[in-house]
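Enquirer: As a plain string of letters, each chain reads:
2 protein chains.
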Amino acid sequence: MPSISIAEELAKKQREISISEFFERNKQILGYDSATKALLTAVKEGVDNSLDAGADADILPDILVEVRKIDKDEFVVVVEDNGPGIVKKEVANVFGRLLYGSRFFSRAQRRGQQGLGISGAVMYGQITTGKPTKIRSKVAEQDVAYEIELILDTKKNRPNVVEEDFVVWERAHGTRVEIPLKGRYNAGKQSIPEYLKATAIVNPHARITYRPPEGEEIVFERATEDLPPKTKEIPPHPHGIELGTLMAMMKETKSYKLAAFLEEEFVRVSSRVAKEICDAAGLDPDKKPKSLVLEEAKALHDAMQSAKLMSPPTDCLSPIGERLIKRGLKNVLGNLRPEFYAPPLTRDPAVYSGNPFQVEVGIVYGGDLPPDQPIEVLRFANRVPLLYQAGGCALTQAVANVDWRRYGLEQRGGSGLPFGPAIVLVHLCSTKVPYTSESKEAVATADEIMTELDLALKEAGRRLKTHLTKKAHRAKTKEKFEIVQLILPRIADKSAKIVNKKVPVLDATITKIMGVVWVDEDIAYDKKAKRHTVTLNVHNFTAAGKKLNLHLLLPRGIQPKSIEPKPAEVRDDGKITWELKRIDSVAKASISFVLEGLDEAEYDESDIYVSGINPGLVIGAEPLPGDWELNYAEFEGEEAPAAEAEEEGEIDYDETEEALDDE
Amino acid sequence: MPSISIAEELAKKQREISISEFFERNKQILGYDSATKALLTAVKEGVDNSLDAGADADILPDILVEVRKIDKDEFVVVVEDNGPGIVKKEVANVFGRLLYGSRFFSRAQRRGQQGLGISGAVMYGQITTGKPTKIRSKVAEQDVAYEIELILDTKKNRPNVVEEDFVVWERAHGTRVEIPLKGRYNAGKQSIPEYLKATAIVNPHARITYRPPEGEEIVFERATEDLPPKTKEIPPHPHGIELGTLMAMMKETKSYKLAAFLEEEFVRVSSRVAKEICDAAGLDPDKKPKSLVLEEAKALHDAMQSAKLMSPPTDCLSPIGERLIKRGLKNVLGNLRPEFYAPPLTRDPAVYSGNPFQVEVGIVYGGDLPPDQPIEVLRFANRVPLLYQAGGCALTQAVANVDWRRYGLEQRGGSGLPFGPAIVLVHLCSTKVPYTSESKEAVATADEIMTELDLALKEAGRRLKTHLTKKAHRAKTKEKFEIVQLILPRIADKSAKIVNKKVPVLDATITKIMGVVWVDEDIAYDKKAKRHTVTLNVHNFTAAGKKLNLHLLLPRGIQPKSIEPKPAEVRDDGKITWELKRIDSVAKASISFVLEGLDEAEYDESDIYVSGINPGLVIGAEPLPGDWELNYAEFEGEEAPAAEAEEEGEIDYDETEEALDDE
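If you read the protein sequences in the order shown, they are chains A and B. Numbers given in this note's numbering equal positions in the first sequence, counted from 1, plus 77. Numbers given in this note's numbering equal positions in the second sequence, counted from 1, plus 77.
A portion of the hints provided could be inaccurate.
The list cannot tell twin chains apart, which means a pair is met if one copy fits it or any two copies do.
Taking lysine-lysine pairs in the BS3-like style, the calculated list, with each CA pair at most 25 Å apart, reads [said to hold, decoys possible]:
1) Lys557 / Lys665
2) Lys367 / Lys211
3) Lys166 / Lys233
4) Lys90 / Lys233
5) Lys328 / Lys233
6) Lys331 / Lys90
7) Lys328 / Lys364
8) Lys211 / Lys89
9) Lys89 / Lys331
10) Lys375 / Lys334
Just so you know, these hints were derived from the structure itself, not from any lab.
Please model the complete structure; the sequences and the hints are all you need to start from.
Expert: Written out as structure tokens, the structure is:
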């Protein structure tokens with residue numbers, strides 16, 4: 078009977094593994110699976126910490142990143158910040174102990190949450206070089222900085238301080254870490270400067286200085302002196318919380334009554350809502366939370382899930398915002414000029430497993446972008462660019478799940494990354510981003526997040542499609558215009574000659590053939606003054622006088638100036654409306670205004686809508702959403718645009734032109 | 078000065094996070110990111126454990142998997158095995174404590190290694206249902222089984238046993254676990270039966286019974302009574318070990334002398350090699366390992382890396398093997414009949430970070446496979462099918478990195494998953510598979526592994542390409558044959574009539590036009606007897622007599638029988654060689670043999686090679702690798718095949734045929 082000894086033998090091998098032993102053997106899980114990636118990961122962990130430290134203390138971050146080459150495959154990564162510093166007794170723990178930190182239990186949007194990042198970098202450094210990490214930190218009330226060198230004892234997951242000192246440091250407060258590590262330096266894609274640049278774009282309040290191993294120092298200057306609105310910590314939202322987690326909360330709560338527990342430990346639960354939930358669950362609101370048995374807890378959980386509740390407050394989240402998304406996209410383009418920026422969109426916050434989250438999407442299309450490659454997907458989570466594990470990331474998968482053929486991109490079979498001249502930026506921010514691993518390189522596919530991503534991407538796709546349709550429509554009409562304006566005068570000339578009569582005035586004929594209201598725009602930019610001057614012309618190429626309302630959607634938060642003529646309405650959300658006076662046949666109306674303070678690329682096309690007219694007659698503007706049906710009913714009796722006439726074969730431009738060329 | 082309070086305030090929030098608290102909040106990292114996946118992950122962890130238990134104890138595994146529906150979104154997953162059982166005092170720890178296990182420090186190929194799998198499932202179950210997990214285990218020397226119900230105390234990461242009993246169990250030994258959990262049942266792709274089927278295929282010694290929530294029980298019968306060769310534990314290999322890890326080993330070793338340390342704690346280091354390494358590092362072999370300073374350790378590390386060492390032994394690894402790869406591919410196909418199985422290949426073991434690993438690849442192509450979709454990639458790691466995170470996995474990425482256009486598949490831009498009628502199976506086995514996360518769904522991209530994958534995939538691609546070229550070549554020659562055999566007799570007939578002479582014998586003319594040696598084969602299969610009868614014909618369609626050697630590569634481990642004529646050599650690696658007697662012009666030679674015990678699909682095309690002849694003359698066989706240059710030099714004087722003549726315009730089949738049709 079061999080198994081007697083085997084079960085006993087196996088039992089002898091059973092033992093607890095410390096978290097640091099685990100990661101020592103699985104360093105790839107922390108993002109150290111190759112020498113190239115190791116350098117970037119260490120930089121990323123340092124910069125994440127520095128940005129979070131600034132956010133914690135309302136300080137505009139000033140961050141120095143330095144990568145020094147020591148040996149052919151050995152480097153030192155230095156990250157230094159002007160954050161609040163770390164008090165002496167915590168320095169060793171923060172850097173020398175895995176799963177130790179201040180942000181794990183906080184429900185606020187932060188880059189770091191796990192207490193694994195910087196201590197993981199320290200551990201990787203010592204595994205590969207045998208050397209300790211040096212840390213210096215100074216808090217405002219101290220005159221000197223505290224400086225240590227430490228090794229992480231991986232058996233015990235405890236810091237082992239090998240040197241300790243106090244040193245003079247010119248900084249008022251801040252932290253500096255120097256990690257020796259094995260690595261390989263790479264300057265291309267997925268490189269440190271690329272990562273820092275992308276980080277600077279979506280964190281425009283930070284100033285980041287980069288000293289590479291060779292070559293010039295690069296400074297990413299801060300683009301604004303305003304701190305992003307401070308994100309607030311919030312308790313969990315009742316929707317999506319797990320039954321077991323709820324039961325654990327009830328075991329530990331200090332509340333004596335169930336209703337109070339709900340009100341105090343969850344967001345969006347007022348005392349009225351708390352009572353309603355208890356009622357729906359058939360439970361006494363005064364019952365002790367600790368006393369609930371499994372069935373009662375289950376009833377409570379069900380009632381919480383089906384309760385109608387407000388979405389979580391948005392002030393725990395810090396989306397990138399439309400302007401910065403556009404700037405981020407522009408930056409990726411470098412000198413390439415695209416044809417079109419789809420208006421970026423930021424969706425309202427939603428909830429998964431009790432955690433609020435928010436999705437943002439931006440698309441840039443055409444122009445100099447390569448038309449024959451898969452589109453590029455730029456991923457961000459909590460304002461951190463994600464450079465690795467694209468294929469395993471929910472953000473990429475959501476893009477691949479959309480049928481982009483419906484929005485004008487090429488995509489074999491209707492799934493997978495589409496081909497075409499486009500870049501898509503996707504940002505997920507949350508009080509808790511569900512990363513697929515501790516390296517925080519990819520987002521897991523939680524159902525609620527996938528739904529929001531899908532909605533956002535499809536909406537962005539529709540915006541792209543609108544542009545492409547408008548473009549195609551305009552191009553077709555323009556072509557017709559040119560033909561008509563070329564041919565008709567020549568026919569008139571020739572006919573007049575033949576019959577020996579005066580050449581007739583053709584304006585009315587041309588308008589009758591065209592039968593459209595044509596809207597075009599001209600945008601001039603003054604670089605010095607950072608001023609856009611926008612002019613819109615509305616040409617009436619129909620046989621009758623026309624009246625219409627014109628609507629524009631301007632970027633939020635921008636006040637248009639020098640508006641001509643006076644608009645009927647200017648709304649806070651950026652919508653501006655003109656009720657134009659009657660435009661006579663073959664006449665035009667003009668509108669102009671000025672936008673100040675934007676980069677050139679931030680306003681390169683107006684979103685133009687019309688109402689009060691049959692929108693089918695209008696080229697260069699879309700029907701105002703919600704207004705369409707009404708318009709059609711109202712104006713059904715009007716003349717059809719010439720496009721239809723052509724299709725019915727009444728006029729054949731080709732033949733006409735040939736005839737003329739025979740002359 | 079606000080930062081004084083902030084540094085202090087932050088310090089107050091600093092605390093240690095237990096590993097179970099970490100995973101309670103990051104359950105997606107353990108593979109529980111959706112309700113559907115949760116069920117599969119729990120089953121997978123249970124089955125992994127049961128298979129490993131069988132392997133530990135040399136027991137043919139008999140595993141029961143049951144998924145019971147309790148409520149609309151609540152299930153119980155049961156996994157029961159006939160393994161050695163777990164001794165009483167360890168049961169609670171194994172199931173109720175994260176990072177606790179017996180295999181973490183062992184360097185042998187196992188499914189489980191982390192001590193996170195089954196305890197993670199227990200924790201997910203209680204988080205989502207609030208209920209404990211029930212475990213029953215019996216070791217051979219006990220008459221009764223030990224049964225407990227437990228909850229994992231996530232604050233402390235310790236088991237909390239809520240019920241405990243001894244029960245009678247008919248099994249001699251084994252373990253049974255019943256985990257209640259929230260889930261959603263799915264029967265399609267990435268489903269439990271799919272996973273179990275794939276597992277059964279690559280673990281043919283296991284018998285797996287599956288009871289789904291609804292419908293019939295499914296039994297995956299064992300296909301062999303032979304246990305796979307037992308994998309041995311080995312110490313690390315000196316290549317790829319990190320400096321810091323080496324230093325930690327020297328601190329802890331019980332060896333008093335450096336040379337002894339190297340010899341005892343590394344594989345492939347003999348006492349001679351140990352001395353050589355010490356010499357190369359300029360270190361005294363008798364030096365105490367503990368006494369080495371950083372520079373000395375570094376010198377030792379360098380010397381270890383550059384020492385010429387044997388590859389690690391293969392008996393720590395358990396590859397799937399060519400036969401099972403083919404069977405696995407066949408199984409995925411179901412009723413679809415492919416055109417071609419590229420001979421699967423198993424590469425020799427290599428090393429990354431001191432860990433031996435081995436790569437296997439199989440390809441199936443054409444026939445009924447859908448031609449217009451991305452190819453399917455089947456991923457396996459340590460004989461476990463990987464179903465999720467395909468995009469983030471090194472195995473998929475390696476496939477996408479190959480330029481498959483060179484091997485006859487369609488691939489836009491030469492990277493990304495190619496399109497075409499093909500399935501690629503990739504298996505990585507290692508004493509330590511570097512998973513990207515604790516859910517063990519995807520493999521990280523370690524450089525050495527990527528290199529081996531690339532080599533294996535390209536070799537498989539070449540085999541595919543060889544087949545496609547042979548097929549195209551044969552088709553072209555066959556077409557020519559048919560035309561020549563159709564046209565020449567008609568020309569002869571007609572000419573004879575016109576000039577009123579006898580119709581000439583054309584054999585010599587036809588052979589002169591063809592100028593090839595044609596090899597074809599016929600494979601007959603007797604299903605009952607599981608017998609392949611293979612017949613090869615070598616036709617000499619050249620003007621002169623020909624002598625050649627014919628070589629076949631048969632599957633390893635299969636002895637061909639009834640071989641006719643007697644071969645010159647039969648090698649253990651499956652190579653068999655015939656030295657054929659001179660074949661006269663327009664004559665043929667035949668070869669036949671019998672293979673027994675294979676499934677029909679396991680032998681459907683011979684790998685035929687020739688030597689001793691200008692291989693450019695031969696259709697239906699490849700030049701024997703390494704023999705090519707010699708052949709060409711030797712036979713340069715021979716007549717060129719007719720293909721060239723045609724290209725030079727000497728014969729124009731089309732014109733000839735037209736002329737005849739005019740008759």
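Enquirer: For every hint, state whether the structure bears it out.
Expert: Evaluated hints:
With identical chains, the CA atoms of Lys557 and Lys665 are at most 25 Å apart within one copy only, with a shortest distance of 19 Å there and 73 Å across copies. For the homomeric pair Lys367 and Lys211, the shortest alpha-carbon distance between copies (24 Å) is at most 25 Å, but the shortest distance inside one copy (47 Å) is not. Taking the shortest alpha-carbon separations for Lys166 and Lys233, both the intra-copy value of 19 Å and the inter-copy value of 24 Å come in at or below 25 Å. When the C-alpha separation of Lys90 and Lys233 is checked against a cutoff of 25 Å, the pair qualifies both within a copy, at 19 Å, and between copies, at 22 Å.
For a Cα distance limit of 25 Å, the shortest separation of Lys328 from Lys233 across copies, 15 Å, qualifies, whereas the shortest one inside one copy, 30 Å, does not. With identical chains, the CA atoms of Lys331 and Lys90 are at most 25 Å apart between copies only, with a shortest distance of 19 Å across copies and 42 Å within one. Proximity of Lys328 and Lys364 under a CA criterion of 25 Å is satisfied intra-copy only: 13 Å inside one chain copy versus 58 Å between copies. Taking the shortest Cα distances, Lys211 and Lys89 sit within 25 Å of each other only across copies (23 Å), while inside one copy they are farther apart (39 Å).
For a Cα distance limit of 25 Å, the shortest separation of Lys89 from Lys331 across copies, 20 Å, qualifies, whereas the shortest one inside one copy, 42 Å, does not. Proximity of Lys375 and Lys334 under a CA criterion of 25 Å is satisfied intra-copy only: 17 Å inside one chain copy versus 63 Å between copies.
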